[in-house]
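Throw the hints in and build the complete structure from the sequences for me.
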Amino acid sequence: MNKTIRHASVFTLLLVFALLVRATWVQFYDGQALAEDKDNRRNAIEQYAYPLGNIVVGGDAVTGSARTTGSDLKYKRTYTDGSLYAAVTGFSSQVFGATQLEGVYQQLLDGTDNRLKNPLDTVTGKRSDPGDVITTIDPDVQKAAYQALGDKKGAAVAIDPRTGRILGVVSTPSYDPSVLSGGDSAAWNKLTKDSEKPMTNRALRQPLPPGSTFKLVVAAAALEDGLYSSVDERTDSENPYTLPGTTTVLANESKSAPCENASIRVALQYSCNNVFAKMAVDLGQDKVKAMAEKFGFNDTSQDVPVRAYPSVYPSDMDKSSTALTGIGQFDVTATPLQMAMVSAAIANGGKLVSPHMVSQISDANGDVLENYDDGTESKEIVSSSTAEQLQSAMRTVVEEGTGTNARISGATVGGKTGTAQHGENNSKTPYAWFTSYAKSDSSDKEVAVAVVVEQSDAARSEVSGNGLAAPVARAVMRAALRD
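All letters in the sequence shown, in the order written, are residues 74 to 556 by my numbering.
Keep in mind that a hint or two might mislead.
Unchecked claim - Distance ranges between label pairs, derived from CB positions: (1) G483 with K452: 27 to 35 Å; (2) G132 with E472: 32 to 40 Å; (3) K392 with D213: 31 to 39 Å; (4) D391 with T469: 14 to 22 Å.
Stated by the list, open to error - Capping the alpha-carbon separation at 27 Å, the derived lysine-lysine pairs in DSS-like fashion look like this: (5) K226 with K190; (6) K452 with K367; (7) K512 with K452; (8) K367 with K392; (9) K216 with K226; (10) K360 with K226; (11) K216 with K270; (12) K367 with K424.
Hint data in this document are derived by calculation from the structure and do not stem from the laboratory.
Ideal Cβ positions, reconstructed from N, Cα and C, are used throughout, including at glycine.
Below, the structure is given as structure tokens:
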């Protein structure tokens, strides 16, 4: 063999070797990345080649799968009462991905979760039959919240304080996830550009100033710290109260309310701003923040299992700003989930059970893969004595104070109203809040509820927690306590 042929042979072999190396690299390294690429059409074809598993509410599936025509995607997602359950299910779209429970449990629902595979499936690579997601949602509670909110822009969350089971999650205005299942770009553009933001989950993922509902957190901090020994001890609270270091006078909603040196009970009953602003300053921001964080504020990993946006209690404030946080203003924000957790912990003797809206996930045969109700975590937020005192004070709010619209015959109800400023110099319609608990007088049923109404047809002068949010909470609590 002459020299030229030998060199050409070596070069050819090197090229073949390079091709083999590249093929191996693509197969075993780039292959996984390519397979997982969101623009890889084969993923969508595989995912929608078979019916998906279902999301179950009250024993009935609220999702389904329908055969398509004229598409390489054989099935698309369907929804029963889609607008009612959108804040729970989210959507599963052939084009736009998946959100909420559809997104969290996507692999379970499309059959690719490894927990669904038997040994033979693992060897052959066969796709398993999909599993199901069984929620904690009570359909009666969900419907009551949805109907009570009606045309209002707002949200509601209901929790069983003893178990942490989320009984209802509603956000309005809502949308029908079915319109996105097939990848309709016109429907997508309409929903995403809608100024009312119907696809925003206001119950879990839109923190807003909680207003006077946050006074419960400040009261809890004062009792736990020993600043005041009971809800009936008179406080040191001048009225009117001037914010420290300023000339700004903090007004109370009612000028005739007995807020000067009022006890915590009376201050909650009449929602006295001067008492809780002064209390926050007396405690100091660090102690208020510590109590807020015990309830769940500033938690960036709150999963129910959908990731909730963190509710915020700020840091590094001067005393005037700290005073404003005492009434749920300045940079304090909270989701309805968070304020329901506050009432749930108080109602449950000071212990907060981790909230969750999925009780089980199962395989296609109904065998449980994971039970989220087993071993549910709980932690003590306040002592049982503090919880009992706050329960009592919250009952006074409903029976004799600013929350009378939440009264329910045959039940013990406690609550706290809130009206939070919105916009520069409170130029926009305030947010109306109500957080509460209710216990049946004839059974062992109980519930904690938080409601926020961002906007309604009510005149600005009529916007209040008692006027707008408390009736919604009342409807939700009645549904949860119904035998």
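Of all the hints numbered above, which does this structure not satisfy? Sort the numbers upward. 3, 4, 5 and 10
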